[in-house]
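Peer 1: Next come the chains, spelled out residue by residue.
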Amino acid sequence: MIQIFNVVKMYDGSNPVLDNISLEIPKGEFVFLTGPSGAGKTTILKILFGWESFEKGQVLVKGINVGKLTHRNVYTLRRSMGVVFQDYKLLPNKTVFENVSFAQEVIGHDRKTIRFKTWEALKNVGLTPKKDAYPAYLSGGEQQRVAIARAMVNSPAIILADEPTGNLDPDISFEILKLFEELNQKGSTIIFATHSQEIMKVGNHRVISLNRGKVVAS
Amino acid sequence: MQTLISGFRTTLSNILNNKQTFLLSVATITIAISILGLFLLLFFNLNGLLSNWNRQVQLIVYLDDDITVSQKEILEGLISNNQHVESTTEVSRETAWAEFQSNISDNLKPLLSLEFNPLPGSYKIRFRSSDNQLPHIRELSETLETQQGVESIQYGEEWITRFEKFMVFSKIFLFAIGGLLSLGLILIISNTIRLSIYSRQDEIELMLLIGATPTFVKIPFLLEGMIQGLAGSVLALFLIGGVHYYLKSEFQSSIDSMGMDFQFIAEPFLFGLIGLSVLVGLMASYISTFQFLYLLNKK
Ligand SMILES: Nc1ncnc2c1ncn2[C@@H]1O[C@H](COP(=O)(O)OP(=O)(O)OP(=O)(O)O)[C@@H](O)[C@H]1O
Ligand SMILES: [Mg+2]
Numbered sequence: 000m001i002q003i004f005n006v007v008k009m010y011d012g013s014n015p016v017l018d019n020i021s022l023e024i025p026k027g028e029f030v031f032l033t034g035p036s037g038a039g040k041t042t043i044l045k046i047l048f049g050w051e052s053f054e055k056g057q058v059l060v061k062g063i064n065v066g067k068l069t070h071r072n073v074y075t076l077r078r079s080m081g082v083v084f085q086d087y088k089l090l091p092n093k094t095v096f097e098n099v100s101f102a103q104e105v106i107g108h109d110r111k112t113i114r115f116k117t118w119e120a121l122k123n124v125g126l127t128p129k130k131d132a133y134p135a136y137l138s139g140g141e142q143q144r145v146a147i148a149r150a151m152v153n154s155p156a157i158i159l160a161d162e163p164t165g166n167l168d169p170d171i172s173f174e175i176l177k178l179f180e181e182l183n184q185k186g187s188t189i190i191f192a193t194h195s196q197e198i199m200k201v202g203n204h205r206v207i208s209l210n211r212g213k214v215v216a217s
Numbered sequence: 000m001q002t003l004i005s006g007f008r009t010t011l012s013n014i015l016n017n018k019q020t021f022l023l024s025v026a027t028i029t030i031a032i033s034i035l036g037l038f039l040l041l042f043f044n045l046n047g048l049l050s051n052w053n054r055q056v057q058l059i060v061y062l063d064d065d066i067t068v069s070q071k072e073i074l075e076g077l078i079s080n081n082q083h084v085e086s087t088t089e090v091s092r093e094t095a096w097a098e099f100q101s102n103i104s105d106n107l108k109p110l111l112s113l114e115f116n117p118l119p120g121s122y123k124i125r126f127r128s129s130d131n132q133l134p135h136i137r138e139l140s141e142t143l144e145t146q147q148g149v150e151s152i153q154y155g156e157e158w159i160t161r162f163e164k165f166m167v168f169s170k171i172f173l174f175a176i177g178g179l180l181s182l183g184l185i186l187i188i189s190n191t192i193r194l195s196i197y198s199r200q201d202e203i204e205l206m207l208l209i210g211a212t213p214t215f216v217k218i219p220f221l222l223e224g225m226i227q228g229l230a231g232s233v234l235a236l237f238l239i240g241g242v243h244y245y246l247k248s249e250f251q252s253s254i255d256s257m258g259m260d261f262q263f264i265a266e267p268f269l270f271g272l273i274g275l276s277v278l279v280g281l282m283a284s285y286i287s288t289f290q291f292l293y294l295l296n297k298k
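If you're matching them up, the sequences are chains A and B in order.
Numbering that gives the first Met the number 0 numbers the first residue of the first sequence as 0 and each following residue consecutively.
Numbering that gives the first Met the number 0 numbers the first residue of the second sequence as 0 and each following residue consecutively.
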């Protein structure tokens, strides 16, 4: 499903942020991606959904050669993915409901499907009571759950979650982990970036450890 | 279709969010298109004037005093065989003289007590009315000029040629003005659209991140540019219509006597103006969205 071969990424042209990384994540797997701050977790995820380019190597996602995509066709890759961004990226002038339905409007679903699926996704993350609230009036954890609902609403084949429990206390974190495990059971391949030892212990999935742009354990 | 509808909704909210810049941009378009439209109006009326004169033009063939009958027959044959000629009147020397004398005021008459008749005989040739009769007149005039027995030919040629040159110049002028104004409009509209885009920067970035096509992202802004162009040009046409109405009601009576009419811009050109304005709006917004997406994708 996801294959990364000898990828080198440099933001400034000299110091590699990802240094000859190779990884393989089969279809339907759930992996943790961990490592200290600045190790390159977010960078890997960005490369996987075509938001960052890379200097060397090859990346294949669902058979798509990511390095060869242009801004005209990269959307085909992104439509097979749901992404939970480290900074959520919720739109402040849209309600919770609108933020989630937006992800479907953008890819052109019809209104009925959008209502139904948004409702489902909000139910899954337990946010139906807050559906008309604006992000600014939500707690950090609630905002994160909106971001998760938006990432899962299109039932994507792959979910990339960049520290989706970063701001949450342990109880909620485990709930959210469970949510991703359910999605995984429904067939989604999941990459879950996290710092949290507890989460990884409870989750008991394969762990990919990065340090200074290299894979130190997998 | 779904894309267009949701794009249109975004456009409306963009416009509402940036009402002032939108209105300013529309006002600018209105002014620019009004300028162009007023020139067009002027052009159409001058053109009307020209065709009006054209219709009244007659070719006068002055004859040598000693023209022979057979030479006259040749001339008459040439004239009557010309399919553009409507009618011919022969004015003999005597008639010309009589007409001349009756046209002149009584106190001048003593001065003109000539012993002999100085006026030549002539043919006055009228042409079938058409907008494009000048070349026919010119053609016949060139044929007749070389004939034996013709002294000279006159049809207000210089005037008309000058006027025609002026109309050609006007056309070039209109194109130049139109081009310059369009260029200016493109700069101004693209700037408004750029503001609109920047106020939605995060949203656009997110849209692209969650799988929107570039077209989907562009449509609301393209629509916005086209709506600006449409609104601006329609307003401008109302303005020009107002000016035309005013001129007509004030001055129509004074040009009635000349058998003339204030003309409005011809319909195809009205639609042309609207089309031009919408196209300019589209081009301007296309440039802005292209620039923005290009910068966004450059990293
Ligand atoms: N846009 C950028 N321009 C320049 N350097 C960047 C950029 N984004 C990240 N970096 C650098 O790349 C390195 C890896 O960053 P990345 O965000 O991938 O780390 P991370 O593992 O996600 O860290 P964290 O756990 O803090 O989120 C860091 O040293 C960071 O400073
Ligand atoms: Mg990160």
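Be a bit skeptical, because a hint or two may be false.
[Said to hold, decoys possible] Heads up, simulated EDC-like pairs for lysine to aspartate or glutamate below, C-alpha to C-alpha not over 16 Å straight-line:
(1) 123/B to 89/B
(2) 185/A to 170/A
(3) 55/A to 28/A
(4) 93/A to 202/B
(5) 88/A to 202/B
(6) 45/A to 204/B
(7) 88/A to 89/B
(8) 93/A to 201/B
(9) 88/A to 201/B
(10) 185/A to 197/A
If you are wondering where the hints come from, they were derived from the structure by calculation, not from laboratory data.
Peer 1: Of the hints stated earlier, which fail here?
Peer 2: Result: hints 2, 3, 7 and 10 break, sorted rising.
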